[in-house]
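Asker: Sequence lines, in order, name chains L and C. Every letter in the first sequence is one number past the one before it in the working numbering, and letter 47, counting from 1, is 58. Every letter in the second sequence is one number past the one before it in the working numbering, and letter 151, counting from 1, is 162.
These aren't lab readings, by the way, just hints derived from the structure by calculation. It should be emphasised that the depicted structure is a prediction, and the values quoted were computed from it without experimental measurement. Glycine is no exception: its CB is placed at the ideal position from the N, C-alpha and C atoms.
Think about it this way: if two alpha-carbon atoms lie no more than 25 Å apart in a straight line, the pair counts; the simulated DMTMM-like pairs of lysine to aspartate or glutamate are:
#, chain 1, residue 1, chain 2, residue 2
1, C, K302, L, D257
2, C, K263, L, E294
3, L, K211, C, D257
4, C, K162, L, D215
5, C, K302, L, E173
Among the chain C residues that face chain L by a calculated CB cut under 8 Å, a handful are:
#, residue
6, V191
7, L202
8, A206
9, A222
Computed spacing ranges between beta-carbons, pair by pair:
#, chain 1, residue 1, chain 2, residue 2, range
10, C, A114, L, D215, 25 to 33 Å
11, L, A298, C, A114, 28 to 36 Å
12, C, A46, L, K263, 43 to 51 Å
13, L, S219, C, D49, 31 to 39 Å
14, L, M12, C, M299, 44 to 52 Å
15, L, G21, C, E158, 46 to 54 Å
There are 2 protein chains.
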Amino acid sequence: MTTICFAGLGAMGRPMAANLVKAGHTVRGTDVNPAALDWLKQHGGTPFASAREAAGGAEMLVLMVVNADQAEAVLFEAGALDALSPNAIVVLCATCAPARAAAIGAKVEATQRRFIDAPVSGGVVGAEAGTLTIMASGPKAVLDAAEPVLKVMGSRLFRVGEKAGDGAMVKTINQLLCGVHIAAAAEALALGERAGLDTKVLLDIYGSSAAGSWMLNNRGPRMLMEDPPVTSAVDIFVKDLGIVLDAGHQTKAPLFLAAAAHQLFLAASGMGLGKADDALVIEAYRAMAPKKEG
Amino acid sequence: MTTICFAGLGAMGRPMAANLVKAGHTVRGTDVNPAALDWLKQHGGTPFASAREAAGGAEMLVLMVVNADQAEAVLFEAGALDALSPNAIVVLCATCAPARAAAIGAKVEATQRRFIDAPVSGGVVGAEAGTLTIMASGPKAVLDAAEPVLKVMGSRLFRVGEKAGDGAMVKTINQLLCGVHIAAAAEALALGERAGLDTKVLLDIYGSSAAGSWMLNNRGPRMLMEDPPVTSAVDIFVKDLGIVLDAGHQTKAPLFLAAAAHQLFLAASGMGLGKADDALVIEAYRAMAPKKEG
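Go ahead and model the full structure; you've got the sequences and the hints to work with.
Answerer: See the structure below:
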């Protein structure tokens with residue numbers, strides 16, 4: 012069993028940390044939100060307000076924070092990296108630009124500690140069930156060492172490369188597909204509304220056909236709600252498609268569809284919908300081509 | 012049982028006509044290809060080289076031709092419309108621009124005959140199994156009258172509107188989603204290649220996740236083949252996304268993703284791949300951002 016420092020106890024991080032506790036690991040958690048620390052205490056972990064203290068002597072550090080900036084703040088500014096056990100493994104699960112993940116990995120390895128770039132997908136449902144998809148890259152020996160812990164958090168563990176940044180690139184391309192598919196569903200349903208068609212029937216027709224996507228089935232019905240519950244916000248895709256376009260820029264690969272989709276999420280955010288459910292990217296289309304009355 | 016004139020005995024039309032024969036209907040078929048007429052004769056239908064003769068006295072005309080031009084040629088130039096029984100129902104199954112389908116419907120109804128706009132999807136597999144999706148629009152009484160015959164060809168029969176053009180619009184939006192999803196899969200896999208990732212692993216990861224689409228699973232593996240078999244050609248989406256953009260123009264609805272996807276299919280066609288499998292739209296990306304060696 013491993014002593015694990017877990018940084019980032021948000022909606023995803025909490026069930027992931029709880030699964031590590033249940034599997035018998037010692038979990039030392041940290042978060043800027045005091046309520047998250049109370050939660051951890053009630054679920055069998057040991058909370059610390061300071062990331063440096065949480066990391067003290069830990070054999071593994073899981074970074075389930077929001078982005079690369081927060082990962083760097085925990086590791087370098089708050090001093091968690093230097094407090095870890097000398098041979099510890101740092102597991103970066105946040106969605107980061109590939110170049111940022113690679114740079115963080117290099118700084119970790121410069122201290123002789125080991126690094127895995129391991130973003131996740133599968134949402135809160137997957138985090139709770141321990142069925143997250145983990146897109147892990149790193150040296151084979153390090154992946155071998157970390158695998159028992161990673162498998163507790165995500166049953167769909169893929170080894171996608173040997174260097175830091177490969178995992179982040181796989182997650183980046185994942186977000187390219189997700190973002191484009193949401194925007195495509197919005198474009199299709201908005202055209203249907205504009206043409207006076209019954210959009211619920213459209214979802215029935217397309218959802219189980221060659222026109223279908225996971226996002227069409229998941230976000231499509233929420234696009235037709237007046238005020239859908241927020242499962243993931245418009246501004247998440249403003250950020251993630253920004254990372255996608257940066258990755259295209261870094262590799263000099265043109266990404267026509269991702270670029271167009273990004274503009275639509277930006278438009279929705281500019282309309283004041285940044286914190287709303289990402290299904291409401293359809294409002295950008297509705298603003299430009301309103302449904303005709305009667 | 013109905014006497015049906017079936018125009019257009021191609022890859023889709025043949026199994027559809029054969030299913031009508033098996034269901035007990037009298038099928039009088041016509042096609043410009045003599046081999047198609049031989050085929051029909053062997054499968055229990057009566058072939059005619061002339062569309063006017065095939066239509067003689069028929070109670071229904073199914074138009075399973077390639078596009079609106081061919082539908083007009085059969086109906087108006089070859090004289091099939093005037094040869095039909097006075098109260099006959101014309102069923103337009105070809106993928107047409109909504110405005111063209113509406114115009115054809117108006118000309119048919121001007122002769123007191125009845126009209127259904129009923130494009131199909133589901134490919135040759137669905138045509139053979141009788142499980143096509145049929146997106147039918149027309150007056151309720153006409154749809155009621157045609158339903159027994161339509162159900163023989165497509166078990167997934169949807170009534171999507173009461174006027175000619177509604178069915179075509181539903182099919183148009185279907186093609187918007189299909190075309191954008193194919194191009195998105197190409198954009199994603201090409202970026203993965205450019206970044207040096209194992210694209211087969213990418214398909215494993217994304218195919219069953221929130222990033223998935225029917226097209227990613229179906230076309231993705233073909234994008235990774237050297238010379239994939241042709242199931243549907245690049246130029247079909249050059250045409251169909253052209254219809255999508257015309258429909259957006261007609262309704263004054265901006266279609267950013269469909270417009271970008273259309274450019275990529277045009278690029279692939281311009282590279283000499285018009286007759287190749289539509290999965291090879293990925294070659295447009297590869298031409299711009301080749302895979303890095305070693």
